[in-house]
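The listed protein sequences correspond, in order, to chains A and B. When the letters of the first sequence are read in order and numbered with the numbering used here, they come out as residues 1 to 272. When the letters of the second sequence are read in order and numbered with the numbering used here, they come out as residues 1 to 272.
Hints in this document: simulated from the structure, not taken from any laboratory. Among the clues, some could well be false.
[What the hints assert, rightly or not] Below 25 Å or equal to it, Euclidean Cα-Cα: the simulated SDA-like pairs (lysine to any residue) are:
no. : chain 1 : residue 1 : chain 2 : residue 2
1   : A       : Lys37     : B       : Glu104
2   : B       : Lys73     : A       : Lys73
3   : B       : Lys37     : A       : Val48
4   : A       : Lys69     : B       : Lys73
5   : A       : Lys73     : A       : Thr103
6   : A       : Lys73     : B       : Trp236
7   : B       : Lys69     : A       : Trp236
8   : A       : Lys69     : B       : Glu133
9   : A       : Lys37     : B       : Lys73
10  : A       : Lys37     : A       : Glu100
11  : B       : Lys37     : A       : Pro165
12  : B       : Lys37     : A       : Glu100
13  : A       : Lys73     : B       : Pro145
Here are the chains, one letter per residue:
Number of protein chains: 2
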Amino acid sequence: MNSLEEIRRAIRSGEWTRPTAGLAPGILQANLVVLPKRYAYDFLLFCVRNPKPCPLIEVTDPGSPVPVKTAPKADLRTDVPRYRIYRNGELAREAFDITEEWTEDAVSFLIGCSFTFDALLLNAGIPVRHVEEGVNVPMYRTPIPCEPAGMFRGPLVVSMRPLSPANLIRATEITSRYPEIHGGPVHVGDPAAIGIRDLDQPDYGDPVPIREGEIPVFWACGVTPQAVAMESRPDWMITHAPGHMLITDTPLFWEQGGADSHAFSLTDKNGP
Amino acid sequence: MNSLEEIRRAIRSGEWTRPTAGLAPGILQANLVVLPKRYAYDFLLFCVRNPKPCPLIEVTDPGSPVPVKTAPKADLRTDVPRYRIYRNGELAREAFDITEEWTEDAVSFLIGCSFTFDALLLNAGIPVRHVEEGVNVPMYRTPIPCEPAGMFRGPLVVSMRPLSPANLIRATEITSRYPEIHGGPVHVGDPAAIGIRDLDQPDYGDPVPIREGEIPVFWACGVTPQAVAMESRPDWMITHAPGHMLITDTPLFWEQGGADSHAFSLTDKNGP
C-alpha cells in the first residue's frame, strides 16, 4: 500500500483503521474537528487567537465534506480511519464512518498535525527522542490559559523534545518557518516556568529520557483544540481519534519557507 | 505632538482628523472593519482564507470597543481620525466618532496596514518610489478572485512598487517575514499576467514612473477587504476612511522574525 490513492481507498473502505503515522510520507496530515455551524464562529475565532496550538489549515463550508483546498479528492465522512463522536463534551462512541452522523450545517476544521513536524526535524538530521525510543511524544497540560473566544476556553497543551543546544537552535530555526504545524517552540528549559511539575509524568503520551547536556524544548500541541473543545462541552462534536489523522492531498512542503504557507498561490489557483 | 498618548488624545478629541501616515513611527497601524455579529463568521472566514490581502491582527469580542491584545488603551469608537459608515454597501457618511452608531453586537476586525510595510523597506535601504515621489502607492483591482466565504467575495487588489532586481530579492526576503502586513509579493514582472492592462492607470492611488532595469513588484493590498465588504453589501458596516488608520499600542517589530508574530508570548502574556 504505497500510493495516496491506495491508502485513501483502504481507509475509505474500512480496511485500514489504525493510526496514520508513517503513512504517505511527504503528505500533510491533519487533525479534524467537526462542529455544528452555531459553534463555528467561536471555534474559528479561538483558532485565530491561538495559532500556535491551533494552526488552521482549512475550514470547510457548512455541510460540505470536501476540503477543496488541501484535500479536494477526500470525503471527511469516510476518509479518517477512526472518528470520535462527542455529546456534551463526553465521548459517546468511536466510528469508522460518520456518514450517518453528518448534518447539513457541519463545519470541519483541519488543524496542523505534528506528525509532519517530527519528519521536518528528522530530515534535518536532528534526532527525535520519542521516535528513537519508539514511543508517543510526551505531552503536558500546562496551567497557561489559551486566549478564550466565546464559549471556547482551556489550557495550552505542549509537547516536549529534549535537544542538545546546537539542535535546539537548529530546530527553532526550522520549526519557526512552519506556523501551519505549530511554528517555533513556546518554551525552552525549566519546566516549572510553564507550570509542569514532573517531566516523567506526562498528561498524554509517554515519558522520554533526557540525556546529560540536553535541554527540554516545548512546542504548542495539536491536542489543545480537542481538549478545549471537549472542555467547552458543545452538544455535538466529531473529531478524529488520536493518531488517526486525515491524510490530505497536499505535499508537505507545498510552499517553501512556511511563513506564507497559508497564502494562495497566484500561479496555481488564481492565475489567469 | 510626539508621544503615542498625545497622538491618541488629539485623535480622540477630534483635533486630529487627517491621515495617520508618518504618525507614531515604529507603532503598528491597522485597517478597521466593523460588522454586526451576524456577518462576523463569514468575514472572519474570508480573512482566514485570504491571509495575504486580509492579514488579521485582532478580532474584538461582540460589543467591545477595546482591542485588548494590540491596543488595550484604545477605544475603537473614538480613536480612528475619520470613519466611513456604509449602508447596504453604499457610503452613507463620514464621521469622526462612531459612539452613536455603536451596537452591542459590533465585531471589529483589525487588519494589517501597508504603512508599516513601506517603513520596513525604507529601513532596509530600499528606495520606495511613491515615497520618493511624494504620492500615494499605485493600487490595481485585478480580475483574480479572492477565495469566497459565505456572503463575502470579490477581487484581489494589489499595490505595486518598481524595484531593481537586487532590491526585488531583498524586498521579497524582508516582506515574507511579515505575513501580518501582507507578507511576500504575489506577483513579479508582466502586469498582464495578473490582468492589469495599464500600470499608468491605477484603480486607486497614483501612478509612479518605472525606471530602466526596474521590475514591477506586486503585493496583496489592504484595500481588498474593504472593497470586498462593500461589494458584498452588508446592511451595516463601518470602516476607517482610507489613510486614516487606527494607531495601536503595539510596537511594529513586536516579535522579531514576523512568521510567529501572531503567536502569543508565554513570557509577556501567559507566563506564570
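Hints and how they fare:
1. Taking the CA atoms of Lys37 of chain A and Glu104 of chain B, the gap is near 22 Å; set against the 25 Å cutoff, the hint holds.
2. Distance check on the hinted pair: Lys73 of chain B and Lys73 of chain A sit about 48 Å apart at the alpha-carbon level, beyond 25 Å; violated.
3. Distance restraint check for Lys37 of chain B and Val48 of chain A: the Cα-Cα separation of roughly 17 Å lies within the 25 Å cut-off, and the hinted pair is therefore satisfied.
4. Note on Lys69 of chain A and Lys73 of chain B: the hinted pairing is violated, with a Cα-Cα distance of about 39 Å set against a maximum of 25 Å.
5. Restraint check: the Cα-Cα separation between Lys73 of chain A and Thr103 of chain A comes to about 20 Å, which is no more than 25 Å; the hinted pair holds.
6. At most 25 Å may separate the alpha-carbon atoms for a hinted pair to count; Lys73 of chain A and Trp236 of chain B exceed this at roughly 38 Å.
7. A threshold of 25 Å between alpha carbons decides the hint, and for Lys69 of chain B with Trp236 of chain A the separation of about 31 Å lies outside it, so the pair is violated.
8. Between Lys69 of chain A and Glu133 of chain B the CA atoms are separated by roughly 41 Å; this puts the pair beyond 25 Å, and the hint is violated.
9. Between Lys37 of chain A and Lys73 of chain B, the direct Cα distance comes to roughly 33 Å. Violation of the 25 Å bound is thereby established for this hinted pair.
10. A C-alpha spacing of about 18 Å is found between Lys37 of chain A and Glu100 of chain A, which places the hinted pair at or below 25 Å, so the restraint holds.
11. At most 25 Å may separate the alpha-carbon atoms for a hinted pair to count; Lys37 of chain B and Pro165 of chain A exceed this at roughly 48 Å.
12. Pair hint Lys37 of chain B plus Glu100 of chain A does not hold up; C-alpha atoms about 32 Å apart against a cutoff of 25 Å.
13. A distance of roughly 22 Å separates the Cα atoms of Lys73 of chain A and Pro145 of chain B; the hinted pair therefore holds under the 25 Å criterion.
The earlier numbered hints that this structure contradicts are 2, 4, 6, 7, 8, 9, 11, 12.
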